[in-house]
Amino acid sequence: MALPVPNLDDRRFQDLVDDAKRLVQQKCPEWTDHNVSDPGVTLIETFAWMTDQVLYRLNRVPDRNYVKFLELIGVRLFPPTAARAAITFWLAGPQTSTVHIKPGTQVATRRSDTDEAIAFTTIGDLPIVPSRLARLASTLGGEKEVRDHTEALEAKTSFYCFDKVPKPDDVLLIGLSEAVPSCAVTLRFQCDIEGVGVDPENPPLLWEAWDGYAWSACEVDRDGTGGLNRDGDVVLHVPKSHTVSVIQQQRAGWLRARVLKPEPDQPTYSASPTINGLTAFTIGGTTEAVNAELVENELLGAS
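Residue numbers (the working numbering): 80 to 382.
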């Protein structure tokens, strides 16, 4: 967040003209014609324009002065640095072993007739860990009791993922076989159109991942289920703090979908979605990259 920069004088041309006319009424009451056709008003506007230009220059204090003022309060400017960005690597399909994206991996935008390619280089190791669905459960309204749906899922039996009439803090718990920090996970749902009442483009759901201490929000890349109302994929970007933990004596890398209190004018569930099937797999990973190229075995000089 940039430091607010107040103007040293915030008056403008019209403010200066109005101030001058008020002074005319006080100092020279016999001057009664204040129309723009009056020569005196013309002089007022001329000097107001000149003063406005001076104030404009005054408010544009040189950058060197800004730097010196910041140094007085102990603030130092960051030196120029290369741009950084989060880069997501997508797999062609689920893998059976971990895919490692090594530091120094280079990616670039496509070169066109008018623009050169912009290259970025990864600065950290990214293991894209394979995963599968291990457990499935739910809790109602913030209760501690956990309802296990794993057997129903294996038996291909339909079940409500929330209460019959969902309420805030109803939760669908999804346990992955492994923790998948910084990975993109696909949750492939088979659902009936029963979670009626919601806007499929803006369902009152929050996807989260357990990091060992608290639930952290996941970024939703896409939701093809319309709020768990039809067959489709939910693709989540799992935070890098995700870890394996134990819930109700079940060890897994836990994700969850939590029903939120709807915002004003946001429709909510009037009936619970029904799940007929669910599978999960890792489909990618995200790491940080810098707008620079790694140069190796470069001769810097000789002596």
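Some hints could be false.
[To be verified] Under the rule of at most 25 angstroms between Cα atoms (straight-line distance), these lysine to aspartate or glutamate pairs were calculated in the DMTMM-like manner: (1) Lys-319 - Glu-273; (2) Lys-340 - Glu-280; (3) Lys-147 - Asp-89; (4) Lys-181 - Glu-257; (5) Lys-246 - Glu-257; (6) Lys-246 - Asp-204; (7) Lys-340 - Glu-257; (8) Lys-100 - Asp-117; (9) Lys-235 - Asp-204; (10) Lys-223 - Asp-204; (11) Lys-340 - Glu-372; (12) Lys-181 - Asp-344; (13) Lys-243 - Glu-230; (14) Lys-100 - Asp-131; (15) Lys-243 - Asp-312; (16) Lys-243 - Glu-273; (17) Lys-181 - Glu-298; (18) Lys-223 - Asp-290; (19) Lys-340 - Asp-271; (20) Lys-340 - Glu-375; (21) Lys-181 - Asp-204; (22) Lys-246 - Asp-192; (23) Lys-243 - Asp-344; (24) Lys-246 - Glu-342; (25) Lys-235 - Asp-290; (26) Lys-235 - Asp-117; (27) Lys-235 - Glu-224.
Keep in mind the hints are simulated off the structure, nothing from the lab.
Okay, the hints, checked on the actual structure:
1. Only pairs whose Cα atoms come within 25 angstroms are accepted, and Lys-319 paired with Glu-273 is rejected, the gap being roughly 34 angstroms.
2. Note on Lys-340 and Glu-280: the hinted pairing holds, with a Cα-Cα distance of about 16 angstroms set against a maximum of 25 angstroms.
3. About 23 angstroms separates the Cα atoms of Lys-147 and Asp-89, which keeps this hinted pair within 25 angstroms; it holds.
4. Distance check on the hinted pair: Lys-181 and Glu-257 sit about 21 angstroms apart at the alpha-carbon level, within 25 angstroms; holds.
5. Note on Lys-246 and Glu-257: the hinted pairing is violated, with a Cα-Cα distance of about 30 angstroms set against a maximum of 25 angstroms.
6. Distance restraint check for Lys-246 and Asp-204: the Cα-Cα separation of roughly 41 angstroms exceeds the 25 angstroms cut-off, and the hinted pair is therefore not satisfied.
7. Proposed proximity of Lys-340 and Glu-257 is contradicted: the alpha carbons are some 31 angstroms apart, above 25 angstroms.
8. With a C-alpha separation of about 12 angstroms, the suggested pairing of Lys-100 with Asp-117 holds against the 25 angstroms cut-off.
9. About 39 angstroms separates the Cα atoms of Lys-235 and Asp-204, which puts this hinted pair outside 25 angstroms; it is violated.
10. Among the hinted pairs, Lys-223 with Asp-204 is inconsistent with the structure: their alpha-carbon atoms are about 37 angstroms apart, more than 25 angstroms.
11. Among the hinted pairs, Lys-340 with Glu-372 is inconsistent with the structure: their alpha-carbon atoms are about 47 angstroms apart, more than 25 angstroms.
12. Distance hint between Lys-181 and Asp-344 is unfulfilled; the C-alpha atoms sit about 47 angstroms from each other, more than 25 angstroms.
13. About 20 angstroms separates the Cα atoms of Lys-243 and Glu-230, which keeps this hinted pair within 25 angstroms; it holds.
14. Proximity of Lys-100 to Asp-131 is assessed by CA-CA distance (about 16 angstroms); at most 25 angstroms being required, the pair is judged to hold.
15. For a cut-off of 25 angstroms, the pair hint linking Lys-243 to Asp-312 stands: about 23 angstroms separates their Cα positions.
16. Restraint check for Lys-243 and Glu-273: satisfied, since their Cα atoms lie roughly 10 angstroms apart, inside the 25 angstroms limit.
17. A distance of roughly 24 angstroms separates the Cα atoms of Lys-181 and Glu-298; the hinted pair therefore holds under the 25 angstroms criterion.
18. A threshold of 25 angstroms between alpha carbons decides the hint, and for Lys-223 with Asp-290 the separation of about 19 angstroms falls inside it, so the pair holds.
19. A C-alpha spacing of about 23 angstroms is found between Lys-340 and Asp-271, which places the hinted pair at or below 25 angstroms, so the restraint holds.
20. Of the pairs offered as hints, the one joining Lys-340 and Glu-375 is violated, with about 54 angstroms between alpha carbons and a cut-off of 25 angstroms exceeded.
21. A hinted pair counts as satisfied when its Cα atoms are at most 25 angstroms apart, and Lys-181 with Asp-204 qualifies at roughly 5 angstroms.
22. Restraint check for Lys-246 and Asp-192: not satisfied, since their Cα atoms lie roughly 54 angstroms apart, outside the 25 angstroms limit.
23. Distance restraint check for Lys-243 and Asp-344: the Cα-Cα separation of roughly 22 angstroms lies within the 25 angstroms cut-off, and the hinted pair is therefore satisfied.
24. Distance check on the hinted pair: Lys-246 and Glu-342 sit about 13 angstroms apart at the alpha-carbon level, within 25 angstroms; holds.
25. The suggested pairing of Lys-235 with Asp-290 is violated, with an alpha-carbon distance near 30 angstroms, which exceeds 25 angstroms.
26. Proximity of Lys-235 to Asp-117 is assessed by CA-CA distance (about 91 angstroms); at most 25 angstroms being required, the pair is judged violated.
27. Restraint check for Lys-235 and Glu-224: the C-alpha separation of about 23 angstroms stays at or below 25 angstroms, so the hint holds.
Checked against the numbered hints listed earlier, the structure breaks hints 1, 5, 6, 7, 9, 10, 11, 12, 20, 22, 25, 26; every other hint is satisfied.
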